[in-house]
Amino acid sequence: MIPRKSTEDRVVAGYHIQANTTIFINVWALDRDPNHWENPLAFRPERFEENQMDVRGQHFELLPFGSGRRMCPGTSLGL
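So for the sequence shown, numbering that gives the first Met the number 0 puts the first residue at 0; every next one is plus one.
For the record, the hints were derived by calculation from the structure and aren't laboratory data.
These figures come from a predicted structure and were not determined experimentally.
You may find that some hints are simply not true.
[To be verified] So the derived label-pair ranges between C-beta atoms look like this:
hint : residue 1 : residue 2 : range
1    : R9        : R31       : 22 to 28 Å
2    : P44       : Q17       : 29 to 35 Å
3    : K4        : E48       : 24 to 30 Å
4    : N34       : S5        : 33 to 39 Å
5    : R31       : R3        : 20 to 26 Å
6    : D32       : P2        : 32 to 38 Å
7    : V10       : F42       : 36 to 42 Å
8    : R43       : D8        : 30 to 36 Å
9    : A12       : W36       : 31 to 37 Å
10   : E7        : A28       : 22 to 28 Å
11   : W27       : K4        : 17 to 23 Å
12   : I1        : R43       : 26 to 32 Å
13   : P44       : A18       : 30 to 36 Å
14   : T6        : E49       : 22 to 28 Å
For glycine and all other residues, C-beta sits at the position ideal for the given N, C-alpha and C.
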């Protein structure tokens, strides 16, 4: 993911982020969050068979192809 920079002071989820702070989204951690996935480190592709999840980046439980303008151009080939 592309790093961003905050343009003004903000509080996000209780964390104070100062203006001009470089911000990264930890996609690796999102894809392995036990709050969203049962046994997230196990290779279990069947967990997606009946799931209506949008893997193109609308809901951020899973971002296998990135998101936004710079997402993977092979998304349609991978699905």
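Does the Cβ distance between R43 and D8 fall inside 30 to 36 Å? violated (42 Å)
Could one say that the CB atoms of D32 and P2 fall in the range 32 to 38 Å? violated (21 Å)
20 to 26 Å was suggested as the range; check whether the CB atoms of R31 and R3 agree with it. Since the Cβ atoms of R31 and R3 sit about 22 Å apart, the hinted range of 20 to 26 Å holds.
With respect to the beta-carbon atoms only, verify the hint that E7 and A28 lie 22 to 28 Å apart. The hint (22 to 28 Å, Cβ to Cβ) holds, given that E7 and A28 are roughly 25 Å apart.
Range hint 17 to 23 Å (beta carbons of W27 and K4) holds or violated: With a Cβ separation near 21 Å, W27 and K4 satisfy 17 to 23 Å, so the hint holds.
So does P44 sit 29 to 35 Å from Q17, Cβ to Cβ? Given range 29 to 35 Å: violated, Cβ gap about 42 Å.
Is the gap between the beta carbons of V10 and F42 within 36 to 42 Å? Holds - the Cβ-Cβ distance for V10 and F42, about 38 Å, lies within 36 to 42 Å.
Does the beta carbon distance between I1 and R43 stay inside 26 to 32 Å, or does it fall outside? holds (30 Å)
Between T6 and E49, is the Cβ distance one that fits in 22 to 28 Å? This hint is violated: roughly 42 Å between Cβ atoms.
Could you check the hint for me, namely that P44 and A18 are 30 to 36 Å apart, CB to CB? violated (43 Å)
Please check whether R9 and R31 have a Cβ separation lying inside 22 to 28 Å. Since the Cβ atoms of R9 and R31 sit about 26 Å apart, the hinted range of 22 to 28 Å holds.
Given a hint of 24 to 30 Å, does the C-beta separation of K4 and E48 actually sit inside it? Once the Cβ atoms are compared, 40 Å apart, the range 24 to 30 Å for E48 and K4 is violated.
The earlier numbered hints that this structure contradicts are 2, 3, 4, 6, 8, 9, 13, 14.
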